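Going down the list, the protein sequences come from chains S and A. Using this note's numbering, you'd call the opening residue of the first sequence number 1 and step up by one each time. Using this note's numbering, you'd call the opening residue of the second sequence number 1 and step up by one each time.
A couple of the hints might just be wrong.
[Claimed, not checked] Here are the computed distance ranges between Cβ atoms for each label pair:
#1 S:G768 - A:D74: 45 to 53 Å
#2 A:E35 - S:D5: 52 to 60 Å
#3 S:R429 - A:A203: 53 to 61 Å
#4 S:L406 - A:D174: 36 to 44 Å
#5 S:R428 - A:D174: 24 to 32 Å
#6 S:L415 - A:D217: 45 to 53 Å
#7 A:G193 - S:D5: 38 to 46 Å
#8 S:D307 - A:G193: 52 to 60 Å
#9 S:L406 - A:E124: 21 to 29 Å
#10 A:W237 - S:R10: 40 to 48 Å
#11 S:R10 - A:H25: 43 to 51 Å
Bear in mind the hints are in silico, worked out from the structure with no lab data behind them. Every value quoted in this text rests on a predicted model; they were computed, and no experiment measured them. We put the beta carbon where it would ideally sit given N, CA and C, even for glycine.
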Amino acid sequence: MRTLDRKLVRELRGHAAQSAAIAMVIASGVAVFVMSISTLRYLSDARDAYYDRYRFADLFVSLKRAPMPLEKRIEAIDGVATVQTRIVAQVNLDVPGLLEPAVGQLISLPDDGPPRLNAVHLRWGRMPEADRAEEVLVSDAFFEANRLALGDAVSAVLNGRLQPLRIVGVALSPEYVLQVRPGEILPDDRRFGIFWMPRRQMEAVFDMDGAFNNVTLRLLRGARPEPVIEELDGLLAAFGGGGAFGRDQQVSARFLDDEIRQLRATGLIAPTVFLGVAAFLLNIVLSRRIALQRTTIAALKAIGYRDREVGWHYLKGALLIAALGAAVGAVAGSWMGSGLARLYAQFYRFPSFVYQADFRVIVLAGAISLLAAGGGAWRAVRGAVRLPPAEAMRPAPPSAYRRSLLERLGGGRWLPLPLRIVFRGLERRPVAAALSSVGMAFSVAVLVMSGFTNDALDFLIDFEFQRAQRHDVQVTLYEVTSPSARFDLAHLPGVQAVEQYRAVPVKLRHQHRQHRTAILGLNEPRDLYRLLDAAGRPISLPPAGLVLNDKLARILNVRLGQTVTVEVLEGGKPVHEVRVARIIKQYAGANAYMPLQQLNRLMRESDAFNGAYLAVDERHRNELYDRLKRTPKVASVSIKQATISQFRDTVAANQNTMQSFTVFFAAVIAVGVVYNTVRLSLEERSRELATLRVIGFTTREVSVVLLGELVVLTLLAVPLGWGIGYGFCAAMTTGFETEMFRIPLVIHLSTYARAALITVVAVAISGGVVRRRLDRLDLVDVLKSGE
Amino acid sequence: MVSETFVFTVEGLTKVYSMGEVQVHALRGVDLQLEAGEFTVLLGPSGSGKSTLLNILGGLDLPTSGRVHFQQQDLSKSSERSRTLFRRFNVGFVFQFYNLIPSLTARENVRLVTEIARDPMTPEAALEMVDLSDRLDHFPAQLSGGQQQRVAIARGIAKRPKVLLCDEPTGALDAATGIAVLAAIERINQQLGTTTVVITHNATIGDMADRVVTMRDGQIATDRRNDVKVPVTALRW
């Protein structure tokens with residue numbers, strides 16, 4: 001090893017804690033980067049492979065009923081590669097061990113071999129036999145969530161009769177990577193399952209001999225979907241076609257794509273923060289260290305080292321720290337990534353779990369950290385290179401100071417001398433002080449962000465599921481029913497109130513924009529399903545016109561008072577121009593509302609409904625569930641509290657894991673910044689502090705000078721961090737906005753307080769560590785030396 | 001023997017430093033008594049132990065063995081805290097490298113001491129004694145080396161210390177400036193009666209002292225009194 005390198009290694013070792021603190025910040029950034037990007041790649045690779053190998057369809061459409069020969073005409077559409085017609089039905093389930101009714105999505109399996117599209121991956125068991133009545137495959141998420149075993153049966157109301165479905169195999173399909181019930185916004189694996197049944201059996205059960213009610217198709221490579229959709233819709237119009245849509249509207253695919261998009265945001269934001277902080281830390285540490293090594297640099301140059309060699313010597317130190325941080329971060333990130341990917345694998349079901357740390361990602365992360373470190377160190381190194389040796393030989397003259405702003409404004413009289421030292425010191429290096437403060441502020445900001453996700457989720461659940469939707473149970477019916485059916489529901493055990501509604505699938509158009517959704521027809525007055533204004537007060541539907549939520553209004557780019565074209569996708573498929581009468585704020589879904597009567601008039605039907613919200617007496621709940629499981633008219637039942645609980649159990653559990661990571665990383669930033677700032681301050685001021693000690697100041701009095709600076713910087717950092725954190729959160733709400741969810745920009749005071757507290761604790765601990773060095777300061781040694 | 005008339009009483013003082021694996025015997029049995037108001041110059045080559053002795057007298061360091069009494073107080077048995085208070089109330093230090101706080105003005109550097117001392121003089125009076133009345137609000141960066149050293153002296157004496165300990169106060173200064181600094185020290189010794197110890201390489205400075213102590217290899221080699229003191233302005237080197 002060359003002597004200069006030996007010097008480097010010894011110095012790094014001498015400042016081990018400081019170097020480690022910087023390396024840890026870099027490691028955190030690299031870890032989050034490697035974790036996010038590797039997981040993102042895992043998800044997107046798994047998705048692409050899955051979609052490809054299991055022939056995930058490009059277009060989807062459901063219809064009332066069409067004869068099999070129509071399949072040929074669909075195949076003939078220009079641009080269509082493969083067509084798979086199916087029978088799909090939603091059924092009400094009674095699952096052993098589950099009090100509430102569940103919902104099953106039944107999908108037919110071709111009798112003549114595997115499905116041409118949306119193939120199933122058999123995880124356990126066997127395929128059902130076409131001529132055996134009860135046999136089904138079940139989706140693995142449902143199977144696991146309900147702790148079922150092969151051979152178990154769940155009961156389903158099939159076309160009015162309660163029948164067993166015997167599980168002979170467990171399967172997955174690219175169509176249901178995430179199992180979200182149509183119309184729901186959260187996955188609920190216990191209460192929603194996919195069942196595959198041989199086509200022959202489904203034909204018999206649903207009276208669909210020689211017919212189909214669902215088509216999926218794959219396009220030729222390069223074919224545009226729009227003309228195909230148009231032709232397909234025209235073809236199916238006579239058969240009750242509900243309008244074809246692509247993967248972008250397919251629930252599972254969209255959830256997955258949104259997730260990948262959000263991961264990409266995380267993978268970019270977090271490392272930028274960490275590496276930015278690391279670059280700035282290296283900048284201040286190195287520039288101040290070089291200042292302290294003035295005479296050494298002079299000596300090196302006097303001996304005959306070239307400027308370039310001296311510069312490279314110092315740059316190498318920064319790069320070594322970065323390399324160390326990147327290495328630790330890569331290992332930690334790969335490990336965390338596999339953990340996160342495994343977590344995702346519980347939500348997003350893929351046939352196999354193949355996660356490997358992505359070498360390219362690691363190399364990229366390493367390169368970025370070296371670049372950040374080099375960039376951070378550059379200015380300092382340039383200073384070392386430019387220092388003329390003769391000048392460097394002389395000890396640096398006393399630094400020039402002036403009275404601080406506070407004193408110049410006349411506030412100096414009462415300012416004790418130790419604080420004057422603090423303020424004048426801060427003002428002499430405003431940039432370094434500001435950077436330290438900003439560094440700490442980032443730690444506060446990261447913590448605000450982590451608390452925000454909880455606050456926002458709480459708010460969202462409270463707003464949507466407590467204040468707006470106050471029902472206990474939502475029931476959807478197979479058929480549009482006459483108003484008298486309302487009394488049947490009202491007489492079910494435990495039902496205290498019934499509010500019927502009608503949901504009509506529509507395509508809304510405004511100018512060149514269009515969106516598929518459902519219009520919900522509601523009665524007045526309502527108390528179970530409420531629409532709220534900005535202040536959270538319930539509002540009534542205007543007597544005429546549509547009420548849109550803000551997301552849908554944005555999608556359609558429509559303003560209050562403008563008209564949208566409503567294309568109804570069922571029944572007589574009427575088309576109407578309807579005025580937008582009100583736009584309301586909601587955090588979930590892209591929804592449209594209308595008074596029930598008006599909606600029925602639009603459908604050219606008299607009073608009718610196809611769903612209801614129920615308020616249920618807790619004591620008769622089980623009885624009610626039991627009855628609902630056996631009621632033939634009921635297509636599905638959703639229990640609000642169960643959905644919320646399941647959501648909280650899973651999402652909140654993940655949130656907690658992520659939160660502890662975040663707290664750790666925020667602490668790393670705070671400690672990294674504070675330790676380095678105070679440590680440098682101690683080094684630079686050792687002479688000053690020793691002098692004070694010699695004069696007769698106690699260690700405690702002297703620490704005021706050392707730590708006073710820190711207190712000031714922290715006081716500045718906390719509100720700044722709150723501000724930056726708020727900005728990050730605002731960016732997150734826009735970045736993470738999806739059709740399913742908008743994150744409300746709600747941050748509790750306690751989140752701000754917690755962020756400040758954790759940072760202050762980290763500051764106090766690292767300040768305390770350095771203060772102990774102050775106690776050990778060798779007074780004689782410091783004062784004897786010239787410089 | 002601890003006596004009322006002696007400010008410092010030093011008996012059998014030794015100091016051994018461990019410099020890595022090497023043991024350095026900085027003091028090998030020093031006995032010394034300093035009288036109140038005495039101006040002592042401590043001469044000796046580098047490594048003779050004079051700084052070590054001064055630091056122990058000033059309560060900055062502890063001896064390995066032997067005793068140091070400041071009046072009745074046994075410094076060799078004092079805690080860190082009581083030595084801090086000893087320095088705060090009784091000792092003025094002046095160093096070769098002035099050790100001023102660069103972010104404080106001359107006046108504030110002195111006030112640093114007067115704020116924590118008992119019965120100090122005003123910072124202005126202290127700076128007046130070293131002829132710096134016209135530089136009160138200058139920062140160290142705005143002062144010459146000699147001026148900085150005189151601020152350091154003003155800071156040392158502002159508390160009206162019992163003893164003023166100066167370690168090579170002129171070491172970093174040219175002759176003319178050095179003489180101005182020594183003049184300030186002499187004035188304080190005479191006007192305030194402060195017991196003063198000055199360490200130096202420069203034997204000439206011994207001529208202005210009451211007493212000249214020479215050290216060699218951690219021991220006192222010679223100890224003589226000047227019958228005739230040469231005024232500092234007459235010194236030349």
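Each hint, compared with the structure:
no.	hint	verdict
1	S:G768 - A:D74: 45 to 53 Å	33 Å, violated
2	A:E35 - S:D5: 52 to 60 Å	58 Å, holds
3	S:R429 - A:A203: 53 to 61 Å	44 Å, violated
4	S:L406 - A:D174: 36 to 44 Å	39 Å, holds
5	S:R428 - A:D174: 24 to 32 Å	29 Å, holds
6	S:L415 - A:D217: 45 to 53 Å	50 Å, holds
7	A:G193 - S:D5: 38 to 46 Å	59 Å, violated
8	S:D307 - A:G193: 52 to 60 Å	57 Å, holds
9	S:L406 - A:E124: 21 to 29 Å	23 Å, holds
10	A:W237 - S:R10: 40 to 48 Å	42 Å, holds
11	S:R10 - A:H25: 43 to 51 Å	29 Å, violated
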